[in-house]
Amino acid sequence: MAGSPHEGLPATAGPHTVLAYLIRRLFAVVIMVLVVLLATFTIFFMLPKWAGQDVAVLFAGKATGVEQLQGIRIKLGLDDPLLVQFWDFVKGIPMGRDYANGDDVTHCAAPCFGYSFRTEVPVWTTLKDALPVTGALAAGACVLWLLGGVATGVVSALRRGSIWDRAAMTTALAGVSLPIFFTGMVAMGLFVHSFGWVHIADNLSTDDGIGTWFQTLILPWIVLAFLNAAMYARLTRATMLEVLGEDYIRTARSKGLGEGTVITRHALRSAMTPILTVFGLDIGVLLGGAVLTESTFNLPGLGLAAVQAISNKDLPVILGVTLFAALAIAVANLVVDIMYAVIDPRVRLG
Amino acid sequence: MTELHKSGAALGEPSAGSPAPTAFLEVRDLKVHFPTDDGLVKSVDGLNFQLEKGKTLGIVGESGSGKSVTSLGIMGLHTAGQYGKRKAQVSGEIWLDGKELLSADPDEVRKLRGRDMAMIFQDPLSALHPYYTIGKQIVEAYRVHHSVDKKTARKRAVEMLDRVGIPQPDKRVDSYPHEFSGGMRQRAMIAMSLVNNPELLIADEPTTALDVTVQAQILDLIRDLQKEFGSAVIIITHDLGVVAELADDILVMYGGRCVERGPAEKVFYEPRHPYTWGLLGSMPRLDRDQTDRLIPVKGSPPSLINIPSGCAFNPRCPYADVPKDDVTRTVRPELQEVGSRHWAACHMSPEQRERIWTEEIAPKL
Amino acid sequence: MSTVTSKRRLTAGAALVVAALMTTTACGGGDDNESGGKSKGAGFNAAFNKVANPSTKKGGTLKMVGKQDLDSADPQRAYYGMAWDFMRFYTRQLVTYDTKPGVASTKLVGDLATGPGEITDGGKTYTYKLRDGLTWEDGSKLTSKDVKYGIERIWATDTITGGPQYLMQTLDPKGEYKGPYKDKSADKLGLKAIETPDDNTIVFKLPKPNGDFEQFLAMPSGSPVKADKDTGAKYTQRPFSSGPYKFETYKPGKSIVLVRNDKWQKASDPVRPALPDKITVTISANLEENDKKLMEGDYDVDLNGTGMTQSGRVTAVQEHKASVDNMQTSFIRYVALVHTAKPLDDVHCRKAVFYATDFAGLQQTRGGEIAGGAIANSALPASVKGHSDYDPYGVLARKGKPDLAKAKDELKQCGQPNGFSTKLTARNNNPGEVDAAEALQEQLGKVGIKIEVDPLDGAEASSITGSPSVVKKRGYGMTMSGWGPDFPTGQGFGQPLWDSRFLADTGNYNESQIKDPQIDKLFDDAIAQTDPVKAGEIYQQIDKRILDQADWMPFIYEKNITWRGDRLTNVYMSDAYNGRYDYVSLGVVK
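Chains as they are written, first to last, in my numbering: chain A, 1 to 350; chain B, 351 to 715; chain C, 716 to 1305.
These are computed hints drawn from the structure, not numbers from a lab.
What you are looking at is a predicted structure, and each value in this text was computed from that prediction instead of being measured.
Hints may be right or wrong, so weigh each one.
Stated by the list, open to error - Selected chain A positions facing chain C (in silico; Cβ < 10 Å):
(1) Arg159
(2) Pro274
(3) Glu294
(4) Ala309
(5) Asn312
C-beta atoms are modelled at their ideal positions from N, C-alpha and C, and glycine is treated no differently.
For reference, chain A alone in the conformation it holds in the complex (with noise of 0.2 Å):
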């Protein structure tokens, strides 16, 4: 075997498989999509169809006269058959596509997620409004937990069993056991009405300054960190113990390297990787929408515009945020997946 020269070489993946790589998983993104959206179909048309209940209805609200119903119906394409509608849905979003609104044909330009008839709004737009309220909550809020979370977590391995730790590691325990609204509810009681800290804006939008984009976010940030924050401490701590008691670290120790380098180079590289695929789903999940974050905090993100969808029965927002959120997730998972393979060498794609 040692004499074999080119057993083992360097068996870097070439271009093509790691592209071949992509597009197959890329595929496997939009099946995974697809299959949501079906679902989500299934689950908003079908079942109540198959328990007697009329679509219809459920948009209608007190307006139930058999007209209106029937103009529902016409509306929102509920008389075609649902693969019909699913495939309509699934063409627009690269071809954009044309809703007869009455006599009026209002065009929903790609890519169209849909219309809503609430509202009168191409569900893209009102995606494109919550993203980048969603997605300032979601940077502030991981950068937070991950610096927050990774860094309690490290000290409490390497500090076992002190006070510290304890401290920590209970109140880790209160992080991931309160609820978001609980904790939102106490830093809003504290901070906005007791003392008067800070000023959380109505409705954020990107007409707002930074300034009030930050006073908006730094509780709901520090709120949301804090019940992730909680998790990654857990997991850090539990990570690092078993990596520290790797033989990989006492030879670094061995060669004579500081412990600074023994940790950070070392033992938290090796400890990166589990943290890193629960980070990665935490941000697909939470591009999908903080759904409990932004109605504490009214922030005006994807979660709140699918609290407020489902709420009103807005088929097509609760669509296109369903699929949006599928989309996040999946892509979330791609992107861990490569990212596996960037920190750990032994992992392939391919």
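Based on the hints, put chains B and C in the right spot on chain A.
Here is chains B and C on its own, set in the frame of chain A:
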């Protein structure tokens, strides 16, 4: 061999606090204890030995006998990176090239690690970081002690890989550990250990994880390199066969203590401790019939929390009742000189042991 | 190990307690700022049947907050009561509800028209003269044709979805007209039932009389729309104003900003005081937070008018009672007894339910007298003519307590002496409804009526209880819900609930599935009656009939605790808007 033992009798029982020794490496009354919930684990409990440059010491014993703990103790790895409240308690003296390590500033010891003393570990797959290339890991080991740029360090890494017999070292330097075969990995590990020309090399079970054929290659390599670099080498193994041809001197450990120690040929051909006999009996030998070899030492290694009173080996010793008055179970035997620079800790008289060895044990080996 | 875990739990629990304490202090802390201001409010129920802080002072910004946005800003598409209340800021109708407190608000007065219609032809022709000086927000003259065009939009049912269709059903019951978008005539004014002989006159020709016709005209769906400003379905994004305010911005689901429409002439509009310079609406998802902001004065009034949250009202009533009104809504909490579900087809079995129900117990589950409402006897709310103190089951007489002996007697008479089993639905998104259903389950159990409670997803409930076939398939015998009138008459409240001709396959609100020719006849009579007082007498008969037949069991006249912002002037609760504040009259101190 003569240089090695020039301090003669002091080898057995030097007292801590004696003046600095002249030997390159001298371990005095080394104790490594680990406090646990169940009690104090006395992994190493009063160990003494010396080693000169260019010489090889084999430390032999079963797993749990304290041999690996000893090596980590010398490297100062019990105290570095021990987090949490329960730290290992290390006492005694470790003199390396005239410097006492246990009382030295930990950072000083760190600077010695990897430069003056280096270590080869048992399983190179787990001992090498899976996320970094071999080259990077060697470069890191080199640059921590040499302020050179990466390019120079890399050149050095390639050189070392070449030296340990890795083909196409300029290419393999960029490979990851998992892309190497087991033997290659251990070669790389050795290259990393030797990159700073250490004066002391500790190899902890360097071949255990390897195929038999590769084992020999690695052992040959270590011997060649030792000759070339003139380092002192400690080889730690549970297998006497490994050290048979390599070691100048052998130290047999049992229950955290030395039970027999002496020049290799003495320990092999005139062993004076029943435990050593057992080890020799379990040693695979090419010149022997396959069927009656590998007589394991019966019983299991002693608990290091409740070490048996008297001779730690007595519960497993077939000759425990040979000495009178139950002395094996009440009095701990001290190392006694049983020959020229040859010590053993046993209550049986040298005559009894010589008789048993020549009449009962040797013929069966 | 387990001790460690339990210790951790304990510590985490302690952390929770600390956090909870901090919230309490937070609430307490907020009040410190206002310690001198606890008496700032005009007094508990100061806006009940009277005007609190009357004022004619103009200026300032009226700040509203709500969890829910208008269902549509398009006058022809909105159906929520709060939207109708709000729309008077920017829409006008021929007639509208008087801007007076309490029951006086249900009187219709001239708005665009000089006064209530001139009724001729036996109640089949309504003629209105428009006021002078009516304008659109661009300054152009508002004519009778604009009114006709606006009303015609209701017919475009595949574009203008969501709003009420009373005008369409009354003027064109056969649906011959297809709406202005499919109208081939040049001026798009093809609806024959409405005539506009000149710009200031509009005449409605009804196929048959309907005494509530003016109620339909008073709804925002009777608002004018300027044809060349009609953007069809998208009109909701930017309605063109005929009222004192116009849209500055509208972000659906987020915010509305109305500013003064300087083309509106006060002289042409005796109804709207138009006090604030600006009106802002913020849609905000967190009800608790909205309550806090109302109490802190960040907002003046809740747009939705659904009352405060439990935590909010506790703080409000305890510490700021003078800023609180106990709003009497026109909502009735009820249980419909489904006639198709045996043995509830038997009137005696239904009566047994009336007698066995502990109304006082149900009242407690709804929050008690103040936060929940008074125990109901009549099937019509007090704001609707026809409501009386008729109490055939002695509910009020016994202060809501049940009469189990009579219940058992009725059960015997219906041949179920040991009781029977059935299913009861309740909506899980309505606070307290499932609790009330479970309380009823326990109460009826005492006479052997075994009920299985089936909580429904609130958003879907209408498609389940509104479908007789689903109700039958699932075996529902009772449905618990709430109902408020679209307009404050017996027709507006009761016809969808009790008239057999409103029993529909889908979207049905006649949940009891009453098919009583006597009731149908009474509705016809009442509707044909143009005199509200006489109509009210007939509605009273309907109420009696419903109760005597034990068709539909009302149990609470719903009340809310509502916050009256300290900046508000000219505040009163309007029966015409289900007890909400009359938004169009509100002013603010600066």
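Fill in: Hint numbers not upheld by this structure, sorted from lowest to highest
1, 2
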